[in-house]
Amino acid sequence: MATIELRGLRRTFGSVVALDNLDLDVHSGEFVSLLGPSGCGKTTALRIVAGFEWPDAGEVLVNGRDVLGQPANKRNMGMVFQAYSLFPNMTAQHNVEFGLRVRKESHEKRAKRARELLELVGLGTAMDRYPRQLSGGQQQRVALARSLAIEPSVLLLDEPLSALDAKVRVQLREEVRRVQLELGITTLYVTHDQEEALSISDRVAVMSDGRVEQFGTPAQIYNGPRTAFVANFVGTMNRLEGTVVSSEDRVVRCGPVMLSVPDPTFNHPAGETVELFVRPEDISLELLSNGNKPAPGLFDGRVTSLTFLGPVTRVGLATDLGPLLADVSSAVALDLAADTVVAVRLDSTALRSIAR
Amino acid sequence: MAEVTSVAETRPSSHRFRRARNRVPVWHLIWLVLAALVFIVPIYSVVQFSLTGVQAGQSPFHWYLTVFDDPMFRSSFWLSIQISLETVAVSLVLMVPTVFWVHLRLPGLRPVMDLISILPFVVPPIVLVVGLLPFLEKITWLFVRPEVLSLIYVIFALPFLYRALDAGLRAIDLRTLVEAAESLGAKMPRTLLRVILPNLRAAIIGGSLLTVAIAMGEYTVASLLEFSTFSVYTYTIGTSTAYEGVALSFISFIFVWGAMLSLYLLGRGGRNAAAVAITH
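Taken in order, these protein sequences are the chains called H and V. According to the working numbering, the residues represented by the first sequence are 1 to 356, in order. According to the working numbering, the residues represented by the second sequence are 1 to 280, in order.
It cannot be assumed that every hint is accurate.
Covered stretches of chain V (chain H as the covering partner; in silico rule of three or more C-beta atoms under 8 Å from a C-beta of chain H) [as the list claims (entries may be wrong)]: (1) 131-139; (2) 181-191.
In silico negatives: residues of chain H with every beta carbon more than 12 Å from chain V [unchecked claim]: (3) Ala72; (4) Val80; (5) Phe87; (6) Lys109; (7) Arg226.
Read the hints as simulated data drawn from the structure, not as lab findings. Each residue gets a CB set at the ideal place from its N, CA and C atoms; glycine is no exception.
Go ahead and model the full structure; you've got the sequences and the hints to work with.
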């Protein structure tokens, strides 16, 4: 097991800054995801760790030792690529054995290790198959087994599931996590899929424009976004714009509605314009009888759209605060239709404020 | 019952659909036959002519037997084979690492490579060889040996081998395969030998056979440098005895067909179908 430290990594491609003083610490045995949109620098960072790219400045320390002077083939890092990377001329077994063959391991040891790892990824019966005889998901499993065969100090995965269909992706990400936990290997995982990152990682680094916007546990990232980018990128958020009325009481005026923000990180002077974020699941709806006014603390809204998402239905609302999205139980949503007038309740404890 | 009826009703229509889909239009067949005739008629004429002019009591394959008995045939044929194999070896040693490296590390040079590779098409062989002669004459030990032809044929074969290798490398995800091998600890020579070359098998075979075909059939340069290669021998025989010349032509056909058949059989086992298709 190894630790990874990225210190002040900077990488430019012409005038484009791919990495801008990136710092990141990955603890031994930890599963860390680099999450961000295309072009945010996450793959560049991973490729620098792997030895396929070199930074303009900065350090990559593995177990405290700078590895930037070493070529990729000396770093002993397992890597699974986004594209199918199995050697087409070799069977699954020979693919897994390749790294051990390079290390001049005996035939018996190679075969034993390949069998163990293919069984670990659930492909013990497909050892003699060529890549063209395997599905995309199976190919990525073999690629995972192959990368683990060399007993790497760290495991690097560059969007390994992005080419797979949704169901296989979910199944395989759980498998990746299971294998990682079983072997306790330090893992750096690149993805643009927030659900994937949040579901399997110990910690997630949300990246934007070559920088880490926020680094924390999935719960910290989801429940306490520190920047507007993280709030918008991770999950679905309602964004409300308001003006601080009272700094001490943490009261913000959004249109005609006064909202109390119990967020302990709230630290904005009166008069400042702030953005408030609230997730759709933190908004609840109550049906209003004809002509009735909402109870105190609630405000009225009109249903503009209904999107069935299985257990919940996402309701689009037109309110005095602007358009909002609310997730309600699909059973409750049966009573709703376009133009239904409802009372809207915001869970104020879930409101997060970020200065503009 | 309603379901059974509906299934029964759909069957004939699906059969009809399949029959309609598989039916080849008459015009397609006519064009196919015409195209076949264009190839078959000359070959048939060659074979027929090579079997005529035989005196009573002689084998109908007299001209073939005469050709095979001629020591000049054997020596010229083996000389051409030797030159062809040398051309293939030199071409592969030069081109495979070069094209591999350009694809992997210098993709910006690909248009330059494309341009260079078509120069032998643009510059006529006679112009090329006249240009090369003053240089080659200075290397006297080489100039008198048939190996000099191999070096010139490497240039002639360049477009064909380059295109085949280029297509083969485009058909695989070169960078990912190389990086995967590197991440597993392999150095570049091992990656090239164990990972890349096996996946370029069809491209290499295709390019090599075209190189052999060029080296076997080239006449202008061999004649100018006064080497008695198979093509020079065929021309010489053809000018003196038409029957033997035509028999030799048919032997050349058979050789080329054999080469193409081996390409098909070897390429069928390969995984680089796209490269084969382009090479053909």
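Results of checking the hints against the structure:
1. Only residues whose beta carbon comes within less than 8 Å of a beta carbon in chain H count, and the region 131-139 of chain V has 0; fewer than three means the coverage is violated.
2. Taking a C-beta to C-beta cut-off of 8 Å, the region 181-191 of chain V contributes 8 residues in contact with chain H, enough for the three needed, and the coverage statement holds.
3. For Ala72 (chain H), the shortest C-beta to C-beta distance to chain V comes to about 4 Å, within the 12 Å cut-off, and the non-interface label is violated.
4. Distance check for Val80 (chain H) against chain V: the nearest CB is about 9 Å away, which does not clear 12 Å, and the non-interface claim fails.
5. Under the 12 Å C-beta cut-off, the non-interface status given to Phe87 (chain H) relative to chain V is violated; the minimum distance is some 5 Å.
6. Distance check on Lys109 (chain H): its Cβ is at least 15 Å (rounded) from any Cβ of chain V, clearing the 12 Å threshold; non-interface status holds.
7. Every beta carbon of chain V lies more than 12 Å from that of Arg226 (chain H), the smallest distance being close to 34 Å; the non-interface claim holds.
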